[in-house]
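Going line by line, the protein sequences match chains B and H.
The first sequence begins at 4 in this note's numbering and counts up one residue at a time.
The second sequence begins at 20 in this note's numbering and counts up one residue at a time.
Read the hints as simulated data drawn from the structure, not as lab findings.
Just so we're clear, the structure is a prediction, and the values are computed from it rather than from any experiment.
Heads up, the beta-carbon is just placed ideally off N, CA and C, and yes, glycines get one too.
Fair warning: there could be bad hints in the mix.
[Unchecked claim] A short, non-exhaustive set of chain B residues, derived as facing chain H with CB atoms under 7 Å: (1) 46; (2) 73; (3) 75; (4) 131; (5) 132; (6) 255; (7) 346.
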Amino acid sequence: MPGSLVLVTVHVPDIRISRPQVQPERPIPDAQKLAGESTSDVSAVRKFLLSRGNSSIADAVFHWLMVLCGLSIFAIVALIAFELVLRSQLSWQKFGLSFFYQAFTDRETHLPMFWDPVNEHFSALPFVYGTLVSSFLALLISVPLAIGLAIFLTEMCPLALRGPLAFLTELLAAIPSVIYGLWAVFVLVPLLRAHINPFLIHGFGWTGLFNDENPTGLGFLAAGVILAIMILPIISSLTREVMTAVPHSQREAVLALGATRWEMIRMGVLRNARIGIVGGIILGLGRALGETMAVAMVIGNTPEIHRSLLSNGSTMSAVIANEYAEAVSDMHFSALTEIGLALFIITIIVNALAQLLIWMVTRGTPSQVH
Amino acid sequence: MNEEKFKFRSRMRALTDSSVTALSILATVLVVAPLVAIFVYLVYKGASSLNLDFFTQIPKPVGEAGGGMANAIWGSALLLALASIIGVPVGIGGGIFLAEYGRGTKLANAVRFTADVLNGVPSIVMGVAVYALIVKPHIPFLPFTGHFSGFSGGVALGIMMIPTVCRTTEEMLLMVPHAVREAALGLGVPNWRSVLSITVKTASPGIITGCMLAFARVAGETAPLIFTALGNSFWSSNLNQPIAALPLQIYVYALSPYDDWHRLAWAGALVLIVLIVLAVSLVRYVTSRGVLKGAS
């Protein structure tokens, strides 16, 4: 950049003063040669700048260090996948794909059974079932609430309330899973046991979804409710983000045609934001599928399949949390790892899908930082 | 006739409108209620069980009253320090790559996408992977490997910090105006110095808040610690041995049958949540104040 040298002249003293921590000046052969050839017409500025040398080596090193940091994210994902695949080989070779749908018959009772670490019979079916049921319940409860909250916050809420409410829901997302679990064990489960479950059994027992075989209050419903509370802020904040991304002209156009506020929200906002909202719901689903501690604390942890939502069950993540540290055999260990691998693949697919959908909606607008 | 029909329809529309308003207010109340319930109950139960012993004593054996979680607090601090040493530099480096060097390239888009996906991988899976990698490795004899250890727990938490730190760093760096970079380069500052002492420095409040968010997130993580750090009921600072952690202790105590331990679990939960709320509020305060007000 020789062209800019003249302009810089005036500022040279400033540079020296403001940056006293510069590297020791190391002359570079080229620069010395240059300085030697031209005698008096080389200004102090030029000498100063040339004496800095060029920083191409330092630049290249720094550049590649940063690239390495970026690539490390690939490495982490690859390493996780590699370890999980390697460690689940034993179970994969023995059970194959039937690991996810088979059932064994108990020799003595002739009842179907799924998980028998002692005889090394393993099937992930009850855990897949439990994960799906609890996540579906969570979505059923949280999606209407989250969208209602997002509509209220973006379209109706007085400005003074918006900040605190948004902050509160953000806090909801920051509470650790284990504290939700603690609360669920001591508050939610007794509440379900004493008031809500009897009501459900009495009123909706005929559907077969609620029976009174399990009086503890633990089970799929408790897990579904606590999961719903946990994924609500995720769905609602993403819904809010895509709704804010809808241009104001859309709202104004619909309002100008004489629409009421709800019609404006329905036609002008929700219709435009629907792909992003679906993305947010899928992201919430991804979180619900992998959520561990709170679920493990309230679902009852029995490897069984029941139709009733009030009975005990287990999920893929809960069984890993409960048994991994105390796996009794290599096969047990391998079967648990295979469940982990399945969870890894499912959540990657679900999250990739969600990111894609959200990206489709918000790519035009700058991302918001919260 | 037509007029009546019109009147009826507009009344119906107004009715739908107000009922939707009512429903969304109801939804908001239903969302806020459990949150308030959780907080009130937590403060009520936690504050009544919290005392000086909680911070100074290690757990007493079953049946003896009193005791605290000093070892768990200390263990958590060690684990989080190790996690930050791993997660923060790599995360910031990744963010610098995304914002400064790879902007718009396919590689950067792939890294960004992978980071977002990695963010959604359940923490328990991270625990399983670290268990396979460090606690029960293929290659024995490496230092720190082959058994449950605080080291493996710290690594698991550190890996979980990387994507969050990386993405917030990128977002913050993108907010730094181009003129600042050009000014630095125009003065003949090498590129790497311009990135570190101009761009990153300008965005540093935002980057720090991003790191704190990631920190707050892993501070409460339990799942990846169950079979890496394992827990320990004695005082230990040795990262090569099983070590106690606050969330882990809360989990164990919550599921125990003893009232005394339940009280300790509530006190631990209160301490944990106060730390996290402080971090999040700080983040909120800094971001709402305008991180880069001086620069833009």
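Hint-by-hint comparison with the structure:
About 14 Å separates the beta-carbon of residue 46(B) from the nearest beta-carbon of chain H, more than 7 Å, and the hint is not met. A hinted interface residue such as residue 73(B) counts as satisfied when its beta carbon comes closer than 7 Å to some beta carbon of chain H; here the least separation is about 4 Å, so the hint holds. For residue 75(B), the shortest C-beta to C-beta distance to chain H is roughly 6 Å, which falls under 7 Å, so the interface hint holds. Violation of the interface hint for residue 131(B) is found here, the shortest Cβ-Cβ separation to chain H being roughly 15 Å, above the 7 Å cut-off.
Violation of the interface hint for residue 132(B) is found here, the shortest Cβ-Cβ separation to chain H being roughly 18 Å, above the 7 Å cut-off. The beta carbon of residue 255(B) comes no nearer than 17 Å to any beta carbon in chain H, farther than 7 Å, and the hint placing it at the interface is violated. Checking residue 346(B) against chain H: minimum C-beta separation of about 6 Å stays under 7 Å; hint holds.
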